[in-house]
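Enquirer: If you're matching them up, the sequences are chains A and B in order.
Under my numbering, the first residue of the first sequence carries the number 1, and numbering increases by one thereafter.
Under my numbering, the first residue of the second sequence carries the number 1, and numbering increases by one thereafter.
Wrong hints could be hidden among the right ones.
List time: in silico EDC-like cross-link candidates among lysine to aspartate or glutamate, alpha-carbon distance up to 20 angstroms [claimed, not checked]:
{"hint": "1", "chain 1": "A", "residue 1": "Lys35", "chain 2": "B", "residue 2": "Asp116"}
{"hint": "2", "chain 1": "A", "residue 1": "Lys75", "chain 2": "B", "residue 2": "Asp116"}
{"hint": "3", "chain 1": "B", "residue 1": "Lys164", "chain 2": "B", "residue 2": "Asp116"}
{"hint": "4", "chain 1": "A", "residue 1": "Lys35", "chain 2": "B", "residue 2": "Glu129"}
{"hint": "5", "chain 1": "A", "residue 1": "Lys31", "chain 2": "B", "residue 2": "Asp116"}
{"hint": "6", "chain 1": "A", "residue 1": "Lys35", "chain 2": "B", "residue 2": "Asp133"}
{"hint": "7", "chain 1": "B", "residue 1": "Lys110", "chain 2": "A", "residue 2": "Glu34"}
{"hint": "8", "chain 1": "A", "residue 1": "Lys31", "chain 2": "B", "residue 2": "Glu129"}
{"hint": "9", "chain 1": "A", "residue 1": "Lys32", "chain 2": "B", "residue 2": "Asp95"}
{"hint": "10", "chain 1": "B", "residue 1": "Lys110", "chain 2": "B", "residue 2": "Glu29"}
{"hint": "11", "chain 1": "A", "residue 1": "Lys32", "chain 2": "B", "residue 2": "Glu129"}
{"hint": "12", "chain 1": "B", "residue 1": "Lys124", "chain 2": "B", "residue 2": "Glu22"}
{"hint": "13", "chain 1": "A", "residue 1": "Lys32", "chain 2": "B", "residue 2": "Glu22"}
{"hint": "14", "chain 1": "A", "residue 1": "Lys31", "chain 2": "B", "residue 2": "Asp95"}
{"hint": "15", "chain 1": "A", "residue 1": "Lys31", "chain 2": "B", "residue 2": "Glu108"}
{"hint": "16", "chain 1": "A", "residue 1": "Lys35", "chain 2": "B", "residue 2": "Glu29"}
{"hint": "17", "chain 1": "A", "residue 1": "Lys35", "chain 2": "B", "residue 2": "Asp95"}
{"hint": "18", "chain 1": "A", "residue 1": "Lys32", "chain 2": "B", "residue 2": "Glu108"}
{"hint": "19", "chain 1": "A", "residue 1": "Lys32", "chain 2": "B", "residue 2": "Asp116"}
Taking beta-carbon pairs under 8 angstroms as the criterion, some of the chain B residues facing chain A (in silico) [unchecked claim]:
{"hint": "20", "residue": "Leu78"}
{"hint": "21", "residue": "His83"}
{"hint": "22", "residue": "Ile94"}
Just so you know, these hints were derived from the structure itself, not from any lab.
Beta carbons: idealized from backbone N, C-alpha and C, even for Gly.
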Amino acid sequence: MNALTMIILSLEVIFLLTTLPIFLVFVHVRKKQEKFLRALQNAPDIQLRHSVLLASYLVMTLVLCVGTSLYCFSKFL
Amino acid sequence: MMGDDKTIASQWIKPQANTSDERLVRIIEEHWIKYVAPGIVYIGINAGGLLLLALAGILPDGGNFFADAPLLVGILLLFIAHHWFFAFLLGEAIDCIIITNKRTIVFETKLLVHDDMVENTLEKVRSVEVYQDGILQNVLLYGSLRFQGGTDIHLVPHPHRAAKEIEQAMGRI
Chain A
1 MNALTMIILS LEVIFLLTTL PIFLVFVHVR KKQEKFLRAL QNAPDIQLRH SVLLASYLVM
61 TLVLCVGTSL YCFSKFL
Chain B
1 MMGDDKTIAS QWIKPQANTS DERLVRIIEE HWIKYVAPGI VYIGINAGGL LLLALAGILP
61 DGGNFFADAP LLVGILLLFI AHHWFFAFLL GEAIDCIIIT NKRTIVFETK LLVHDDMVEN
121 TLEKVRSVEV YQDGILQNVL LYGSLRFQGG TDIHLVPHPH RAAKEIEQAM GRI
């Protein structure tokens, strides 16, 4: 395994780990907003749209990570 | 703090203790125009990153770092653009304007950067003015609401309708 492969693997790991703070902060802020809305009368449920967006983010992250890994390994191995 | 006609807080403010009669009138999403410029930048960066990856596939292996630079830079561009754009999207998705029969509340969030709530108490607001400046705002039907005695709200779709609803909530129509 050469230096470039190591660098790319490190980038992939950092890329995956960066998802975590974004995910956690989003969930935290959304929960606060939902709590706020629940205190009002006749408030609608806005959870679904946010969940779809969050799922898209996680899936796209995985796809990008696996895609670039496969591309790099097909080039070097 | 809650008694002020406008409130900007770094932490989110809980609903008032005596809000049992506070009723939601409407939740307004900000206009989609806010996604256009970042979307174009995202597509541009992704196109650049993919071009560099394609270039790295065409170039012969040089065996040194500089020969592999297009590959590294391409991957970096794709990764940074992905996280930046989705952090922006998720933050903007939470943003909204909430109109109740007592106040208007604007949620302004940029994930990992700021998390604000701007409030206008309707009983302190003297009037609501609508501003649609420029061709873009008039064609795409969005604008700003300016509260006399409060803070402005920007990127409001169909601002005249929103102003009417706020004035109804204020009991002036």
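Enquirer: Confirm or reject each hint.
Expert: How the hints compare with the structure:
1. A:Lys35 - B:Asp116: Cα-Cα ~15 angstroms, so holds.
2. A:Lys75 - B:Asp116: Violated: Lys75 (chain A) and Asp116 (chain B) sit about 46 angstroms apart, past 20 angstroms.
3. B:Lys164 - B:Asp116: Since the Cα atoms of Lys164 (chain B) and Asp116 (chain B) sit roughly 25 angstroms apart, the hinted pair is violated (cutoff 20 angstroms).
4. A:Lys35 - B:Glu129: violated (31 angstroms)
5. A:Lys31 - B:Asp116: Distance of about 15 angstroms is within 20 angstroms: holds.
6. A:Lys35 - B:Asp133: Violated. Lys35 (chain A) to Asp133 (chain B) sits at ~36 angstroms, over the 20 angstroms cutoff.
7. B:Lys110 - A:Glu34: holds (17 angstroms)
8. A:Lys31 - B:Glu129: violated (33 angstroms)
9. A:Lys32 - B:Asp95: Cα-Cα ~13 angstroms, so holds.
10. B:Lys110 - B:Glu29: holds (15 angstroms)
11. A:Lys32 - B:Glu129: At roughly 30 angstroms apart (the allowed maximum being 20 angstroms), Glu129 (chain B) and Lys32 (chain A) break the hint.
12. B:Lys124 - B:Glu22: holds (16 angstroms)
13. A:Lys32 - B:Glu22: Roughly 18 angstroms between the alpha carbons, so the hint for Lys32 (chain A) and Glu22 (chain B) holds.
14. A:Lys31 - B:Asp95: Given that 20 angstroms is the threshold and the Cα spacing comes to 13 angstroms, the pair holds.
15. A:Lys31 - B:Glu108: holds (15 angstroms)
16. A:Lys35 - B:Glu29: Within the cut-off at roughly 18 angstroms; holds.
17. A:Lys35 - B:Asp95: This hinted pair holds, its Cα atoms lying about 15 angstroms apart.
18. A:Lys32 - B:Glu108: holds (13 angstroms)
19. A:Lys32 - B:Asp116: Distance of about 12 angstroms is within 20 angstroms: holds.
20. Leu78: holds (6 angstroms)
21. His83: holds (5 angstroms)
22. Ile94: holds (6 angstroms)
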